[in-house]
Every structure is written in structure tokens, then in C-alpha cells.
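Chains as they are written, first to last, in our numbering: chain Z, 623 to 908; chain X, 623 to 908; chain C, 623 to 908; chain W, 623 to 908.
Be careful, since some hints might not be right.
Which copy is meant is left open, so a pair is good if it fits within one copy or across any two.
[Said to hold, decoys possible] Listed below are the simulated EDC-like cross-link pairs for lysine to aspartate or glutamate, each with C-alpha atoms no more than 16 Å apart in a straight line: (1) 722 / 750; (2) 711 / 852; (3) 876 / 860.
Calculated directly from the structure, the hints in this document are not laboratory data.
There are 4 protein chains.
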Amino acid sequence: MERSPTATLLLSCPDRPGIVAALSGYVAEHQGNVVHLDQHVDQEINAFFMRMEWELEGFSLSREAIQESLLPLFERFSMAWSLHFSDVKPRAAIFVTKEKHCLYDLLSRHESGELKIDIPLIISNREDLEPAAERFGVPFHHFPISEATKPEVEAQEIALLRRERVDTVILARYMQILSADFVEAFPRQVINIHHSFLPAFPGARPYHSAHRRGVKIIGATSHYVTEDLDEGPIIEQDVVHVTHRDSVHDFIRKGKDLEKVVLARAVWRHTQRRVLVHQNRTVVFG
Amino acid sequence: MERSPTATLLLSCPDRPGIVAALSGYVAEHQGNVVHLDQHVDQEINAFFMRMEWELEGFSLSREAIQESLLPLFERFSMAWSLHFSDVKPRAAIFVTKEKHCLYDLLSRHESGELKIDIPLIISNREDLEPAAERFGVPFHHFPISEATKPEVEAQEIALLRRERVDTVILARYMQILSADFVEAFPRQVINIHHSFLPAFPGARPYHSAHRRGVKIIGATSHYVTEDLDEGPIIEQDVVHVTHRDSVHDFIRKGKDLEKVVLARAVWRHTQRRVLVHQNRTVVFG
Amino acid sequence: MERSPTATLLLSCPDRPGIVAALSGYVAEHQGNVVHLDQHVDQEINAFFMRMEWELEGFSLSREAIQESLLPLFERFSMAWSLHFSDVKPRAAIFVTKEKHCLYDLLSRHESGELKIDIPLIISNREDLEPAAERFGVPFHHFPISEATKPEVEAQEIALLRRERVDTVILARYMQILSADFVEAFPRQVINIHHSFLPAFPGARPYHSAHRRGVKIIGATSHYVTEDLDEGPIIEQDVVHVTHRDSVHDFIRKGKDLEKVVLARAVWRHTQRRVLVHQNRTVVFG
Amino acid sequence: MERSPTATLLLSCPDRPGIVAALSGYVAEHQGNVVHLDQHVDQEINAFFMRMEWELEGFSLSREAIQESLLPLFERFSMAWSLHFSDVKPRAAIFVTKEKHCLYDLLSRHESGELKIDIPLIISNREDLEPAAERFGVPFHHFPISEATKPEVEAQEIALLRRERVDTVILARYMQILSADFVEAFPRQVINIHHSFLPAFPGARPYHSAHRRGVKIIGATSHYVTEDLDEGPIIEQDVVHVTHRDSVHDFIRKGKDLEKVVLARAVWRHTQRRVLVHQNRTVVFG
Chain Z
623 MERSPTATLL
633 LSCPDRPGIV
643 AALSGYVAEH
653 QGNVVHLDQH
663 VDQEINAFFM
673 RMEWELEGFS
683 LSREAIQESL
693 LPLFERFSMA
703 WSLHFSDVKP
713 RAAIFVTKEK
723 HCLYDLLSRH
733 ESGELKIDIP
743 LIISNREDLE
753 PAAERFGVPF
763 HHFPISEATK
773 PEVEAQEIAL
783 LRRERVDTVI
793 LARYMQILSA
803 DFVEAFPRQV
813 INIHHSFLPA
823 FPGARPYHSA
833 HRRGVKIIGA
843 TSHYVTEDLD
853 EGPIIEQDVV
863 HVTHRDSVHD
873 FIRKGKDLEK
883 VVLARAVWRH
893 TQRRVLVHQN
903 RTVVFG
Chain X
623 MERSPTATLL
633 LSCPDRPGIV
643 AALSGYVAEH
653 QGNVVHLDQH
663 VDQEINAFFM
673 RMEWELEGFS
683 LSREAIQESL
693 LPLFERFSMA
703 WSLHFSDVKP
713 RAAIFVTKEK
723 HCLYDLLSRH
733 ESGELKIDIP
743 LIISNREDLE
753 PAAERFGVPF
763 HHFPISEATK
773 PEVEAQEIAL
783 LRRERVDTVI
793 LARYMQILSA
803 DFVEAFPRQV
813 INIHHSFLPA
823 FPGARPYHSA
833 HRRGVKIIGA
843 TSHYVTEDLD
853 EGPIIEQDVV
863 HVTHRDSVHD
873 FIRKGKDLEK
883 VVLARAVWRH
893 TQRRVLVHQN
903 RTVVFG
Chain C
623 MERSPTATLL
633 LSCPDRPGIV
643 AALSGYVAEH
653 QGNVVHLDQH
663 VDQEINAFFM
673 RMEWELEGFS
683 LSREAIQESL
693 LPLFERFSMA
703 WSLHFSDVKP
713 RAAIFVTKEK
723 HCLYDLLSRH
733 ESGELKIDIP
743 LIISNREDLE
753 PAAERFGVPF
763 HHFPISEATK
773 PEVEAQEIAL
783 LRRERVDTVI
793 LARYMQILSA
803 DFVEAFPRQV
813 INIHHSFLPA
823 FPGARPYHSA
833 HRRGVKIIGA
843 TSHYVTEDLD
853 EGPIIEQDVV
863 HVTHRDSVHD
873 FIRKGKDLEK
883 VVLARAVWRH
893 TQRRVLVHQN
903 RTVVFG
Chain W
623 MERSPTATLL
633 LSCPDRPGIV
643 AALSGYVAEH
653 QGNVVHLDQH
663 VDQEINAFFM
673 RMEWELEGFS
683 LSREAIQESL
693 LPLFERFSMA
703 WSLHFSDVKP
713 RAAIFVTKEK
723 HCLYDLLSRH
733 ESGELKIDIP
743 LIISNREDLE
753 PAAERFGVPF
763 HHFPISEATK
773 PEVEAQEIAL
783 LRRERVDTVI
793 LARYMQILSA
803 DFVEAFPRQV
813 INIHHSFLPA
823 FPGARPYHSA
833 HRRGVKIIGA
843 TSHYVTEDLD
853 EGPIIEQDVV
863 HVTHRDSVHD
873 FIRKGKDLEK
883 VVLARAVWRH
893 TQRRVLVHQN
903 RTVVFG
């Protein structure tokens with residue numbers, strides 16, 4: 623079961639002939655073995671996307687040398703890229719408010735080893751979930767926040783996240799809107815769960831709106847946070863059927879199961895380096 | 623397999639004690655046998671809904687006498703009601719424009735006996751699907767329509783539908799907006815299929831909008847037509863997952879399968895007298 | 623939101639005219655208000671099933687008098703029945719072995735108030751999950767068991783469950799087969815989660831079998847335990863799509879999410895008194 | 623929208639370093655542009671699978687030269703392979719018996735251009751569906767068959783299929799078991815639809831078995847036909863939820879919708895050259 627460490631390269635660039643040949647040739651040339659290669663060409667916008675993962679064992683270049691040796695290729699094809707090593711775990715902070723179902727779900731997936739990440743801290747604008755954090759032994763930081771104090775408090779949060787070397791922020795039903803400054807500090811690294819099948823029912827109280835509208839399905843959407851509320855690139859969505867027998871409280875109960883699983887799938891994919899963003903849409907490699 | 627004819631009563635009223643007892647008592651008193659009874663109480667709005675179906679064989683009242691004998695009950699409980707007999711088939715007109723997948727689907731369900739309805743005619747604002755109608759032997763009526771001629775043409779259509787004793791209108795990808803007058807002529811009897819999971823992507827070209835937004839699910843919605851475009855009571859919705867590999871043409875291809883099945887389910891339930899409308903929401907009895 | 627207590631009557635009997643009238647008449651006669659009535663007639667086997675729930679507030683009979691006053695009705699129609707009060711919580715014991723995802727899931731649903739039950743104890747044939755039980759403050763009982771000691775150990779377990787007045791046993795990935803004696807001690811009160819879409823892949827290691835067979839969906843099944851392993855009445859099933867990219871470990875990871883939610887839904891329905899069993903099939907009221 | 627013709631290469635071989643580099647290098651070397659490349663490594667069995675599609679426009683080799691120029695590569699890596707051109711349509715024969723829902727569905731998808739195949743003929747062991755075939759203008763061949771005549775009749779069918787240059791056989795609810803000889807004549811080219819979520823309910827009358835078992839989901843499975851009945855490699859499966867209210871006739875009605883869409887998806891993928899078979903499992907490229 624235990625695999626040797628791998629390198630994963632995520633990249634996007636304008637499409638043109640020879641990209642796959644150049645990159646797979648690079649790995650072959652240094653005695654590497656590709657264990658996963660998935661590419662996608664969006665012909666409408668002439669864009670090329672690729673995820674390539676290869677084993678470090680037997681590879682003729684050191685980790686340090688890999689990035690440098692790839693730079694000429696990146697430049698030749700005008701590539702946007704990121705390079706990751708499978709044994710360097712993402713470090714994620716979880717932001718919460720009052721609801722704890724997503725928090726518990728993430729922590730138990732972490733504890734079981736399903737989510738291969740470090741969770742150095744939990745941040746909340748309220749104190750309600752401190753006992754839940756303690757139960758799993760994760761440090762809890764309480765940052766009360768108001769419109770007036772938001773710039774200052776967010777600056778403190780960002781400083782703390784930097785100190786903890788956090789690279790991923792998970793909003794697990796965090797009921798505060800992040801400022802544009804915060805979002806810019808972690809571009810495409812802040813994952814939110816919204817409790818509707820966006821773009822239906824953006825904003826607050828989507829289950830109430832959905833019940834009023836009389837829909838026959840409810841959903842949840844996980845997306846990267848951008849400056850535009852509920853408008854960021856969608857990573858994952860799922861739905862469940864409802865009927866006239868379901869009250870708004872049933873919607874909320876059933877929806878929680880969706881929120882947990884949709885957020886967990888998005889976090890899993892993000893931390894497995896399977897998600898690329900391009901023009902407000904995601905490419906999610908299988 | 624062949625069952626004896628049944629009577630079906632659909633009703634809604636303010637909730638209060640004794641309604642079920644009164645109605646089931648009525649059937650028992652006349653030696654009837656209930657084969658389906660489903661009720662629903664919406665406590666939030668204090669409303670009661672019921673569908674009761676009983677066998678006519680052995681029932682001590684004639685069909686003609688049933689309605690009259692129930693009137694005092696309807697009045698006592700301030701009931702909105704409708705009464706149907708299972709061997710009196712609904713008569714449905716299908717409206718189409720260019721797309722034929724829903725039309726073919728409905729006609730083949732009709733031919734196979736799954737949809738127990740009569741389809742006396744097909745109406746279209748274009749001539750494209752006349753051969754398809756002919757193939758199934760259903761009379762095809764071409765009513766070209768423009769904004770200027772709409773009132774007059776719709777009046778002709780309504781007259782034709784009346785002559786043909788049509789009680790249900792199915793918009794099978796009919797690309798014309800019906801006027802309020804038309805809708806009023808067939809209140810809660812006009813069923814539309816919209817190619818998105820409403821309320822997301824109302825209006826035209828929803829697959830294109832969905833693709834641009836980068837959603838991970840697409841859907842279809844069947845609803846009763848009201849004066850407010852795409853805002854009528856929803857009867858049925860379903861979705862299918864999509865990925866970044868799906869172009870807008872794949873969305874359209876996958877969506878067609880949804881449209882067919884979602885519309886067919888709505889028509890089946892409507893013609894089985896399983897749908898009640900209350901305050902822009904439906905109660906769909908199982 | 624807080625509703626007054628209700629009485630719920632679950633019953634089955636041979637179908638014949640007048641049952642609904644008799645039961646709804648009974649409630650009306652004593653000034654009761656029915657908040658939920660769902661009946662089902664299985665014409666193939668001539669069986670009648672009903673769930674009726676009515677408010678105790680304003681009802682003219684005391685709780686003690688209800689059962690006695692209904693006995694003549696039960697006898698007249700040869701009814702199998704059970705009577706429950708909404709403020710008398712079911713008492714459930716959770717049986718586990720090593721896997722903790724279902725246990726955590728149930729405990730956090732219990733803690734959040736979603737599952738309105740008491741969980742007086744957790745029983746395991748291993749010690750692995752004692753810390754998990756402690757974390758949620760639920761007493762943990764370790765009963766090591768072998769084929770030789772099974773009769774004796776099970777007798778001790780049954781005695782403990784009786785002392786704790788447990789009425790529902792939840793097998794949350796309990797990897798021991800219960801004896802017929804144990805099952806008989808809690809007839810139709812033992813709920814199991816099996817990690818396949820039964821009847822496919824009964825027995826052990828279903829994910830491995832499913833992977834070998836190359837299925838494109840995997841599933842989970844919650845059912846009442848009977849003497850026949852994996853053959854009991856099914857309460858709930860659900861599935862998720864898989865592809866050739868999913869290894870057996872991915873099947874297991876994805877399957878865990880199914881197991882949690884399918885078991886939780888079954889427990890919720892069981893403890894809400896929505897499930898009836900008849901001839902190895904369930905009627906699950908909506 | 624109209625794309626230039628492409629070549630598609632499907633292949634499998636033992637995994638080893640350099641395969642992608644060699645193949646993508648080949649295309650790049652001849653000025654080709656890859657529009658789709660998807661590979662999969664099954665580490666458990668050390669197998670490599672790939673689908674590569676590239677534009678013929680601008681490619682420096684003629685169609686005739688492509689296969690020959692690839693042979694050394696195929697040999698070097700011990701590849702099993704097939705090569706296809708997008709403008710050479712698959713030729714499919716549809717086999718039917720009495721049920722026509724799948725036949726109609728395939729023919730209307732063909733007529734609308736969704737299925738880019740030729741359908742030169744329909745074969746049946748009964749005459750029932752001749753009018754349906756005529757309606758769509760497809761030649762209908764009636765081959766009555768019995769256990770005694772099977773070898774001879776199948777030989778005639780094979781001869782006819784050869785004359786019509788048929789490469790794909792679609793069993794659209796064909797209620798006859800094909801002999802091993804027939805299956806060998808079209809290896810991995812015979813697609814069947816089975817009306818259950820295999821491996822549950824193999825054999826005849828699966829809806830009846832499913833109803834008796836009391837399942838909460840029913841399904842359909844499309845697979846390649848092998849000598850072992852209902853045991854061939856699965857291409858696609860899907861399910862729909864059912865409840866106690868659904869009679870076996872409702873199972874059949876709901877199941878038909880599954881059968882249509884599951885078979886159509888399998889045929890679409892097969893004819894788009896997206897399916898590889900290895901050790902009784904399929905790799906279905908996205």
C-alpha cells in the first residue's frame with residue numbers, strides 16, 4: 623500500500639502541438655515513471671491543462687533540481703504552473719462559526735488518515751465550537767469580529783496563518799464575509815461550502831428560499847472564494863431529492879449531509895492537487 | 623393486472639380535526655374500498671391536502687351521484703377539490719417547435735401504454751416536426767405566430783383545444799411564451815419543461831449560461847406555467863453530473879435525457895391525478 | 623418549532639374496507655388532531671399498512687387509556703400494531719469493532735440533536751474504539767468474543783442491554799455475526815449497515831469483490847438483522863458512481879461516506895417510527 | 623463546430639517508463655496536434671491504458687501510413703491496440719425481440735445525429751417490431767430461432783452481418799442467449815443491456831426478483847457480452863430509487879427509463895472509441 627513519494631505538476635497554457643511530448647519526454651529523459659497523467663484541451667478558448675505525477679524513486683534529479691530544470695519548458699509554452707511533493711502535507715486552517723457538522727466531519731476524516739493534511743489551528747468569530755476543537759486536540763483561536771474591526775482582525779488572522787505556514791483555508795460554515803484583502807492573501811486557496819446548488823439561492827438562508835420556491839432538489843456547492851460573494855470557481859456540487867413532506871427543517875437536516883460530503887470531496891481534491899482554476903472555472907482531474 | 627375503475631378525489635383545505643375521518647367515513651358508508659390514501663398537513667401554513675382513490679366496483683353510489691353527495695362535505699371544510707374517474711382519459715395537446723426528443727419520447731410512451739392519455743393533436747409554431755407527428759399518426763397543426771399576431775393566433779389555438787376537449791397542454795420544448803390569457807384558459811393544466819435546475823438559469827440558453835458558470839451539475843425542471851415566466855409551481859426536477867470535459871454541446875446532449883425523463887414523469891403524475899398546487903408549490907402524492 | 627407530544631400508531635393487517643375510517647374516526651371521536659397519516663395497500667398480497675400520528679394535546683384520553691381503548695379495533699381487523707409516544711425516546715446501543723466512521727457519525731448526529739434517541743452504551747468485541755467513545759462521554763463495554771464463548775458472551779450482552787432498557791441495537795460496522803438467539807431477543811430492532819448494494823456482494827470484503835467485478839457503482843445497504851446473514855428486510859440503500867480510476871482503496875473511501883449516511887437515515891427512520899416490516903420487506907413511511 | 627477528422631488510438635500494455643513520451647513524441651514529430659489524451663495506470667496489475675486522439679489536418683503522414691509507422695512502437699511496448707478515424711462511422715446492427723423502448727430510443731438518437739453511427743439493419747427473433755423498424759426506415763430481418771435451429775440461424779445472421787460490414791452488435795432487450803460461436807465472431811463488439819444492477823439479479827425477470835427482495839434501488843447495466851451470461855465487462859450502470867409504493871409494474875416502468883439511457887450511454891462511448899477492455903473490466907475514458 624505505501625507508495626514512494628511522487629512529484630505532481632499542475633499547469634495550464636495556450637494549447638499548441640508538442641506540450642505533452644515535451645513534458646512526458648522530460649520525465650522519461652530523467653528515468654522517471656509517470657503514475658498519473660491527465661490532460662484537457664478546451665478548444666473553445668484554446669487552453670491546455672495538465673496534471674502529471676511521477677515517482678521520485680529512481681528519478682535522476684533531486685527535488686531541488688526539478689523546478690529549475692523545468693523553467694525553460696514553462697517559459698517556452700507560457701505555462702502557469704505549480705509543483706508539489708506528495709510527502710509535503712498541505713497545512714489547512716478551518717474557519718467556523720456555530721455549526722459543527724462540517725468541522726466534525728473534517729476532523730474525523732483527518733484523524734482517520736483520509737485527509738492527508740495538517741490542521742494546525744481552527745479560527746472562529748465565536749466561542750461556541752471551542753469544546754469541539756478541544757475534543758480533537760486542535761488549537762482554537764477566537765477572533766471576534768465586527769464591520770468596524772474587520773480590517774484589523776483579519777490582519778491579525780493573516781499574520782497568524784502566515785506564522786503557522788498555512789496554505790489552505792477551509793470555511794466550514796463560517797458565517798462572515800472575507801474582505802478582498804483576505805482573499806488576495808490566499809488566492810484560490812480559500813475553500814467555502816455554500817448550502818445550495820449555486821447559482822440558485824446565493825446569499826443567506828438558502829434552505830428557506832428553496833423551501834419557499836418549492837424545489838424538488840436541494841444541493842450544496844463547494845467553491846474557491848473570490849471577491850464576488852458566491853461567485854467563485856465551483857469545485858464540487860451535489861444534490862438530494864426532497865418532497866412536499868420535507869419542512870424547511872428537513873431541508874436543513876438533509877442538507878447538512880450534503881454540505882459535509884461536498885466540502886470533504888473538494889478539500890480532498892484540492893489537497894491532492896487535482897484542481898486547476900482558469901477563468902472562474904475549475905478543471906478537476908479524476 | 624386489469625383493475626376495476628376507481629374514483630380519485632384531490633382536495634385541499636384549512637387543517638382541522640376530523641377531515642380524514644369524514645372522508646374515509648364517507649367511502650366506508652357506501653361500501654367503498656380505499657386503494658390509495660395519502661394526506662399531508664403543512665403545519666406552517668395550516669393547510670391540509672389529500673388524495674383518496676377508491677374502487678367503483680361495489681360502491682353504492684353511481685358516478686353521477688358521487689359529486690353531489692360530497693358537496694356538503696366540501697362546503698363544511700371549505701375544500702378546493704377535483705374528482706376524477708380512472709377510465710376517463712385526460713386529453714393532452716403537445717406543443718412543439720424544433721426539438722423533437724421530448725415529442726418522440728412522449729409519443730412512444732403513449733404508444734406503449736405507459737401514458738394513459740389521449741393525444742388528439744400536436745400544435746407547433748413551425749413546420750419542422752410535421753413528419754415526426756405523421757410518423758406516429760397524430761394530427762399536426764401549424765400556427766405561425768409573431769408578437770403582432772399572438773392574441774389572434776392564441777385565440778384560434780384555444781378554440782381548437784376546446785373543440786378537441788383538451789384538458790392538458792404539454793409544452794415539449796415549445797419556444798414561445800404563452801400570454802397570460804392563454805395560461806388563464808388552462809389554469810394549472812399547462813406543463814412546461816425547462817432545461818435547467820430552476821431557479822438557476824431561467825430564461826433562454828440555460829446550458830450556455832451553466833457552462834460559462836462552470837457548474838458541476840446540470841438539471842431540468844418541469845413546472846406548471848403561470849404568468850411569471852419560469853416561476854410556476856415545480857412538479858419534478860432532476861440533475862446529472864458534468865465535468866470540465868463536457869463542452870456546452872455535451873451539456874445539451876446530456877440535458878436532453880434529463881428533459882425527456884423529467885417531463886415524462888411530470889406528465890405521468892399530472893395525468894394520474896397525483897399533483898396538487900397550493901401557493902405556487904406542489905404536493906406530489908407518491 | 624417545539625411541537626406538543628404526539629402518539630404514533632404503526633399497524634398492518636389484511637386489507638378490507640373501513641380501516642382508515644375506523645382509525646381516523648377513533649381519533650376524531652376523542653378530539654384528536656391527526657398530523658401525519660400515511661397508508662399503503664399492497665394489492666398483490668392484500669395487506670394494509672398505516673402510520674398515524676396525532677397530537678396528545680387536547681386528546682380526550684390519557685396515554686394509559688389509549689392502548690386499551692384501541693384493543694377492540696386491533697382485534698376486529700386482526701392488526702399487528704405498535705404504539706409510541708414522541709417524548710419517550712428510543713434507547714439505542716451501538717455495536718462496533720474497529721472502524722469508527724459510522725460511530726463518530728452517529729454520535730455527532732446524536733450530540734447535535736438530529737437523532738432524538740438515548741445512547742446509554744457502546745459495545746465492542748475489541749478495545750480499539752474505547753477512546754472514541756470516551757471522547758463523546760458514552761460508556762464503553764468490551765466483550766471479547768470467540769466461537770466457543772459466543773453463547774455465554776451474548777447472554778451477558780443481552781442481560782446488560784435489558785438492564786439498560788435498550789430497545790434498538792445499531793451495528794455500526796460490527797464485524798461479528800450475531801447468533802439466532804441474539805436476533806430473537808431483539809426482533810426487528812437490530813439495524814445493520816452492509817457495505818454493498820445488496821443482494822450484490824453479500825458476505826465479507828464486498829469492496830474487493832466489487833472492484834474485481836468492475837462495477838461502475840458501489841453502494842451501501844441498511845437492513846434489519848435476521849437469522850439469514852445479509853438477507854434481512856432492507857430499510858435504505860444508496861449508491862455512488864465509480865470509475866476505472868478508483869482503486870479498491872478509493873472504493874473503501876467513497877463507500878464510507880455512503881455507509882455513514884445510509885445507516886444514519888435508517889436509524890432516523892426507525893427511531894421516528896416510520897418503518898414497518900412485512901414478509902421480509904419494509905414499508906418506510908415518508 | 624465542425625471539427626476536422628481525427629485519428630484515435632486505443633491501447634493497453636504492461637506499464638513501464640516512457641510510453642506516453644514515445645507516443646506523444648510520435649504525434650509531435652509528425653506535426654500532429656493532440657486534442658484528447660487520457661491515460662490510466664493500474665498499479666495493482668502493472669497495466670497501462672491510453673486513448674490518444676489527434677487531428678489529421680496538418681499531420682505529415684497519410685492515413686495509410688499511420689498504422690505502419692506505429693508498428694515498431696506497438697511491438698517495443700507489447701501493446702494491444704486499435705486505430706480509428708473519426709469520419710469512418712461504426713456500423714451497428716440492433717437485435718430486438720418484443721420490447722421497443724430501447725429500439726425507439728436508439729433510432730431517435732441516431733436520427734437526431736447524437737449517435738454518429740450507421741444502422742444498416744435490425745434483426746429479431748420475432749416479427750413484433752417490424753412496424754417500428756419501418757417507421758424509421760431501417761431494414762428489418764426476421765430470424766425465428768429455436769434451440770435446435772440456433773447454430774444454423776446464427777450462422778446465417780453472422781453471414782448477413784458480415785455482408786453488411788457490421789462491426790458493432792447492440793442487444794436492445796434481445797431475449798435470446800447468443801452462442802459462444804456468435805460471441806467469438808464479434809469479440810467485445812456485442813453490447814447488451816441487462817435490467818438490473820449486476821451482479822445483483824442476473825438471469826431472467828430481475829424486476830420481479832428485486833421486488834420480492836424488497837430493494838430500495840433498481841438499476842440497469844450495460845456490458846459487453848461474453849460466453850458467461852451476465853458476466854461480461856461492465857460499461858455503464860445507473861440506478862433509480864424505489865419505495866414500497868412501487869409495484870413490480872412500477873419497477874418495470876421506471877426501469878425502462880434506466881435501460882434506455884444506460885444502453886445509449888454505453889453505445890455512445892463504444893462508438894466514440896472510449897472503451898477499453900482488460901481482464902473482464904473496462905476502462906472508460908472521459
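Hint check results:
1. 722 / 750: within (9 Å within a copy, 25 Å between copies)
2. 711 / 852: Neither: 28 Å inside a copy, 40 Å across copies.
3. 876 / 860: Intra 12 Å, inter 14 Å, cutoff 16 Å: intra and inter.
Checked against the numbered hints above, the structure violates only hint 2.
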